Structure formats: structure tokens, C-alpha cells
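> Here's the letter readout for the chains.
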Amino acid sequence: QSVLTQPPSVSGAPGQRVTISCTGSSSNIGTGYDVHWYQQLPGTAPKLLIYGNNNRPSGVPDRFSGSKSGTSASLAITGLQADDEADYYCQSYDNSLSGSVVFGGGTKLTVL
Amino acid sequence: QVQLQESGPGLVKPSQNLSLTCTVSGGSISSGGYFWNWIRRPAGKGLEWIGRIYTSGSTNYNPSLKSRVTISVDTSKNQFSLKVTSVSAADTAVYYCARGRSIAAHFDHWGQGSLVTVSS
Chain V
2 QSVLTQPPSV SGAPGQRVTI SCTGSSSNIG TGYDVHWYQQ LPGTAPKLLI
52 YGNNNRPSGV PDRFSGSKSG TSASLAITGL QADDEADYYC QSYDNSLSGS
102 VVFGGGTKLT VL
Chain F
45 QVQLQESGPG LVKPSQNLSL TCTVSGGSIS SGGYFWNWIR RPAGKGLEWI
95 GRIYTSGSTN YNPSLKSRVT ISVDTSKNQF SLKVTSVSAA DTAVYYCARG
145 RSIAAHFDHW GQGSLVTVSS
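Protein chains in written order, with the numbering used here: chain V, 2 to 113; chain F, 45 to 164.
Check each hint, because a few of them may be wrong.
Unchecked claim - Derived CB-CB ranges, DEER-like: (1) T161(F) / E86(V): 21 to 31 angstroms; (2) N55(V) / P107(F): 23 to 33 angstroms; (3) G71(V) / T114(F): 31 to 41 angstroms; (4) K109(V) / D152(F): 23 to 33 angstroms; (5) L55(F) / D63(V): 35 to 45 angstroms; (6) R145(F) / D63(V): 18 to 28 angstroms; (7) P58(F) / G33(V): 39 to 49 angstroms; (8) T6(V) / S146(F): 21 to 31 angstroms; (9) A77(V) / D152(F): 14 to 24 angstroms; (10) S74(F) / P58(V): 16 to 26 angstroms; (11) L55(F) / S27(V): 18 to 28 angstroms; (12) S75(F) / P15(V): 38 to 48 angstroms; (13) D84(V) / S74(F): 35 to 45 angstroms; (14) D118(F) / G71(V): 35 to 45 angstroms.
As the list claims (entries may be wrong) - One-sided excerpt, in silico: chain V residues whose CB lies under 8 angstroms from chain F: (15) S3; (16) P8; (17) H37; (18) F65; (19) Q92; (20) S99; (21) G100; (22) S101; (23) G106.
None of these hints come from the bench; they were simulated from the model. All figures in this text were calculated on a predicted structure; none of them were measured in a lab. Each residue gets a CB set at the ideal place from its N, CA and C atoms; glycine is no exception.
Throw the hints in and build the complete structure from the sequences for me.
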């Protein structure tokens with residue numbers, strides 16, 4: 002069981018908007034630690050999508066956006082495309098686990 | 045552009061030790077004050093952080109793996125390494141090395157991953 006909770010799957014039609022939630026607690030997201038998001042396509046390494054809650058690395062389309070409030074964070078994808086189909090992970094830091102990095106369990110996005 | 049590359053055996057027998065090395069190119073592992081991490085993804089499961097090392101040699105490990113994991117650094121070879129002792133089938137996974145800017149920061153560069161299967 003992951004420290005950060007994500008829905009196992011979400012889906013949407015091309016062009017639609019989907020959101021993926023990431024719920025933590027007072028020892029991680031709720032303390033103020035940043036949330037980061039990764040996209041992992043089959044057979045490839047995770048790719049940084051959002052860092053510091055709502056910042057996009059160079060090259061990531063503005064269709065991807067992040068937000069954080071309280072003990073939760075969200076990743077939003079607008080204008081859904083077929084090649085957005087992938088696994089998505091949130092990541093943060095937890096001060097109750099000996100300085101551990103923590104990941105969400107991952108969310109499989111299916112483009113219908 | 046910094047690049048990371050994992051290397052090591054793809055098959056390990058149960059109860060033996062797993063060893064992987066990450067070679068960093070395009071920059072010195074000693075400069076910039078970065079943290080060097082190991083992360084794995086078991087088949088059918090999500091990402092799991094294993095641990096990290098700073099260039100000073102200080103380490104932090106996932107409490108669930110701490111008793112079996114050692115991460116070390118060889119700055120002369122621009123490499124850092126992972127050792128997991130007494131492996132079982134549960135340790136079968138794709139292992140990634142990755143660079144982080146601080147203990148709570150994102151991972152901005154990743155290796156391509158190395159599949160390690162634990163089987164007799």
C-alpha cells in the first residue's frame with residue numbers, strides 16, 4: 002500500500018479533460034513538501050511531467066498542469082491525445098519515514 | 045546533457061546478492077550538490093524508492109528495505125552502486141538510477157532501467 006493514494010485508472014475520450022488525484026497526509030503533502038508528477042510509457046523510464054506542484058519542464062506541453070491544496074494534489078490533462086495513454090505517478094517526501102521519498106501507486110490513463 | 049546508465053546481471057538466484065552500477069556521463073557526479081538515487085518498479089506494480097547517496101557518502105534508505113540495501117559511490121569512476129542482499133522473487137523488478145536536486149526534489153534525469161529477475 003502506497004503512502005500517496007492515486008486512483009488505479011482513469012479514462013477519457015480524445016480532446017477531453019481528465020484529472021488524476023494524489024492524496025497524502027500531514028507528514029508529506031500536508032506539511033508543505035512539493036509534489037512532482039511523472040509519465041511512464043510502456044517499456045520506458047519515467048519522464049518528469051510536473052515539478053514543484055505546478056511547474057513544467059522545458060518541452061512538456063501546457064496541456065499538462067498540476068495543483069496542490071492541503072494534503073492532496075492533482076494532475077490535469079486537457080485536449081487528451083492517444084499518446085497520452087500511459088501510467089502516471091505522483092511523488093513527494095515524507096518526514097515520518099526516515100527521510101524517504103514516497104510515490105503514489107500509479108494511475109493508468111486509457112484514451113478511449 | 046547528463047546521462048545515466050544502469051549495468052549489472054539480469055538474473056540473480058534466490059538468497060544471493062543483487063548488484064547494479066549506474067554510470068553518469070556528461071557531468072561530474074561530485075559537482076552540483078546532487079543526490080543520486082535508486083528506484084525500482086516490480087512487474088505489475090508501481091514505483092518504489094530504494095535509497096539515495098550524496099557525494100559526501102551520506103545515505104538514506106527506504107525503511108522497508110534498509111536492512112538489505114547498501115548504496116555506495118565511486119567518484120573516480122563517476123559511478124554509484126546498489127547492493128541488495130538475500131534477494132527473493134519479490135525483488136524482481138526494473139531498477140532505475142536517477143538524479144535529484146535535493147532530498148525532497150524531483151528526479152530530473154533517469155537511466156533507461158535494468159531488468160533484474162530473481163529465479164533459480
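> None of the hints should be skipped; say for each whether it holds.
Now the hints, each set against the structure:
1. T161(F) / E86(V): 21 to 31 angstroms: About 27 angstroms separates the Cβ atoms of T161(F) and E86(V), which means 21 to 31 angstroms holds.
2. N55(V) / P107(F): 23 to 33 angstroms: 30 angstroms, holds
3. G71(V) / T114(F): 31 to 41 angstroms: 37 angstroms, holds
4. K109(V) / D152(F): 23 to 33 angstroms: Holds, since K109(V) and D152(F) (Cβ atoms, about 24 angstroms apart) stay within the stated range.
5. L55(F) / D63(V): 35 to 45 angstroms: 44 angstroms, holds
6. R145(F) / D63(V): 18 to 28 angstroms: Holds, since R145(F) and D63(V) (Cβ atoms, about 23 angstroms apart) stay within the stated range.
7. P58(F) / G33(V): 39 to 49 angstroms: 42 angstroms, holds
8. T6(V) / S146(F): 21 to 31 angstroms: Since the Cβ atoms of T6(V) and S146(F) sit about 24 angstroms apart, the hinted range of 21 to 31 angstroms holds.
9. A77(V) / D152(F): 14 to 24 angstroms: 22 angstroms Cβ-Cβ, so the 14 to 24 angstroms window holds.
10. S74(F) / P58(V): 16 to 26 angstroms: 24 angstroms, holds
11. L55(F) / S27(V): 18 to 28 angstroms: 43 angstroms, violated
12. S75(F) / P15(V): 38 to 48 angstroms: Holds, at about 44 angstroms.
13. D84(V) / S74(F): 35 to 45 angstroms: Cβ of D84(V) to Cβ of S74(F): about 38 angstroms, so the range 35 to 45 angstroms holds.
14. D118(F) / G71(V): 35 to 45 angstroms: Taking Cβ atoms as reference, D118(F) and G71(V) lie about 43 angstroms apart, which means the hint holds.
15. S3: It holds, given that the least Cβ distance between S3(V) and chain F is near 6 angstroms, below 8 angstroms.
16. P8: Interface hint status for P8(V): violated (12 angstroms vs cutoff 8 angstroms).
17. H37: 4 angstroms, holds
18. F65: Cβ of F65(V) sits 14 angstroms from chain F, so the hint is violated.
19. Q92: 7 angstroms, holds
20. S99: 5 angstroms, holds
21. G100: Holds. Min distance 4 angstroms.
22. S101: 6 angstroms, holds
23. G106: Holds, about 5 angstroms.
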